[in-house]
Amino acid sequence: MKTIDDLDVAGRRVLVRADFNVPLEDAGDGSRRITDDGRIRAALPTLTALRDAGARVVVVAHLGRPKGEANPKYSLAPVAKRLGELLGTDVKLAGDVVGESAQATVASLADGDVALLENVRYEPAEESKDEAARQELAAKYAAFGDLFVSDGFGVVHRKQASVYDVAKLLPNVAGFLVAKEVDVLRRLTETPERPFVVVLGGAKVADKLSVIDNLLKVADTLVIGGGMVFTFLKAQGHEIGDSLLDATNLETCRGYLKEAEASGKTILLPVDVRVADGMDFDARQVTGEVDVVAADAIPAGKQGLDIGPETEKLFADAITGARTVFWNGPMGVFEIEALSHGTAAVAKALTAVDGLSVVGGGDSAAAVRVLGHADDEFGHISTGGGASLEFLEGKELPGISVLEEDN
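Under this note's numbering, the first residue of the sequence shown carries the number 12, and numbering increases by one thereafter.
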């Protein structure tokens with residue numbers, strides 16, 4: 012897979028697919044502001060290198076799910092403003108994706124300039140299952156560039172016009188971000204330093220089954236928390252009260268526990284949990300008092316919402332004793348202070364790893380920033396939760412495979 016180091020870009024138009032799907036909130040004056048610019052910062056090395064080399068940079072990206080229609084709520088205007096601040100230059104924002112404004116904006120670029128086209132998901136063909144429709148849109152993207160750089164790792168698992176189809180129409184390479192993401196994930200799956208510990212959380216067992224299936228063959232220890240852990244506890248025969256349960260995957264979880272025991276691997280589960288009467292997940296409010304109980308003795312009517320203090324120590328010891336750690340998914344409802352302790356303990360432990368620590372994107376990346384950690388406290392924070400999980404599942408990612416073809 013080639014990178015931008017293999018390109019001569021001086022005076023050439025370079026089309027860059029970035030991932031600027033950042034969280035926004037209402038600013039109170041009718042505008043929207045970015046609450047976490049991590050994905051914009053992650054694109055800076057590639058964009059800066061292209062500018063310094065004299066390229067005319069045309070960036071395409073998406074934001075949210077506008078469902079194929081122009082919607083001011085999903086405009087990239089806040090992104091263009093923040094990107095310009097970080098680059099120290101004016102970033103020209105086109106008023107459309109491939110229309111007259113985009114054409115005029117691209118035509119106006121001088122060497123070292125940066126333009127950002129509007130949200131590619133304003134175009135219904137961007138995510139279409141109709142290959143011909145995607146290819147027609149991709150041809151319009153390709154008209155804006157002499158070369159294509161894929162640097163939006165968060166979308167490389169999607170066969171979309173600005174990710175996959177346009178890469179087949181132009182000479183293509185990986186940006187620094189995509190190259191780094193692939194390198195780190197290959198180290199995890201192919202040559203991890205040992206002990207290798209995988210920490211999985213989040214709400215749903217079903218979201219992580221393929222990851223568990225694949226990484227159980229590679230990792231030494233799987234540490235499991237979050238809402239998904241209660242299906243494993245139930246599979247061991249424990250009562251879990253009103254905690255989340257995926258009854259359809261109970262037998263699968265029993266199978267993983269048996270497989271780990273037979274192969275000498277460890278699946279580490281909580282010994283205590285924080286519980287309450289219930290949880291309004293939409294309002295982020297806990298019902299009743301938060302108590303700590305043994306993981307094998309959750310009372311009827313109680314819901315497990317975070318790992319407990321003894322489990323925090325247990326999990327932290329496993330993490331800090333490792334040479335390689337991959338973490339995806341919070342241990343509890345970390346947005347609520349009383350239920351943030353487990354996730355905070357895992358995050359802190361990762362900063363103390365003597366080796367490679369990888370935060371696997373999505374909620375985990377958001378959590379470490381909410382908890383006050385800087386990105387450089389970890390070996391790597393992935394910008395693509397879904398893409399990193401699919402890579403670790405062993406799936407082929409269309410946006411990566413297309414870069415590895417001869418071009």
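Calculated from the structure, these hints are not laboratory results.
Check the hints yourself; a few may be wrong.
Claimed, not checked - Computed cross-link-like contacts, EDC-like style, restricted to lysine to aspartate or glutamate with a CA-CA straight-line distance of at most 16 Å:
no.	residue 1	residue 2
1	Lys-151	Asp-124
2	Lys-170	Glu-346
3	Lys-103	Glu-80
4	Lys-245	Asp-307
5	Lys-359	Glu-407
To be verified - Beta-carbon label-pair distances, calculated as ranges:
no.	residue 1	residue 2	range
6	Asp-40	Asp-291	23 to 33 Å
7	Lys-228	Arg-52	52 to 62 Å
8	Arg-52	Asp-288	32 to 42 Å
9	Thr-259	Arg-295	49 to 59 Å
10	Lys-84	Pro-310	18 to 28 Å
We put the beta carbon where it would ideally sit given N, CA and C, even for glycine.
Right, here's what the structure says about each hint:
Taken as a hint, the Lys-151 and Asp-124 pair is broken in the structure, with Cα atoms around 20 Å apart against an allowance of 16 Å. For a cut-off of 16 Å, the pair hint linking Lys-170 to Glu-346 is broken: about 33 Å separates their Cα positions. Under the criterion of a C-alpha separation no larger than 16 Å, the hint pairing Lys-103 with Glu-80 is inconsistent with the structure, at around 21 Å. This hinted pair checks out: Lys-245 and Asp-307 have alpha carbons roughly 9 Å apart, not beyond 16 Å.
Using a Cα cut-off of 16 Å, the hinted pair Lys-359 and Glu-407 is violated, with the two alpha carbons roughly 32 Å apart. The given range of 23 to 33 Å is respected by Asp-40 and Asp-291, whose C-beta atoms sit roughly 30 Å from each other. Hint check: Lys-228 to Arg-52, Cβ distance near 34 Å, so the stated range 52 to 62 Å is violated. For Arg-52 and Asp-288, the hinted distance range of 32 to 42 Å is satisfied, since their beta carbons lie about 41 Å from each other.
Under the hint 49 to 59 Å, the C-beta atoms of Thr-259 and Arg-295, about 27 Å apart, miss the expected range. Distance hint check: the CB atoms of Lys-84 and Pro-310 are about 44 Å apart, inconsistent with the given range 18 to 28 Å.
Consistency with the previously given hints fails for numbers 1, 2, 3, 5, 7, 9 and 10, ordered from lowest to highest.
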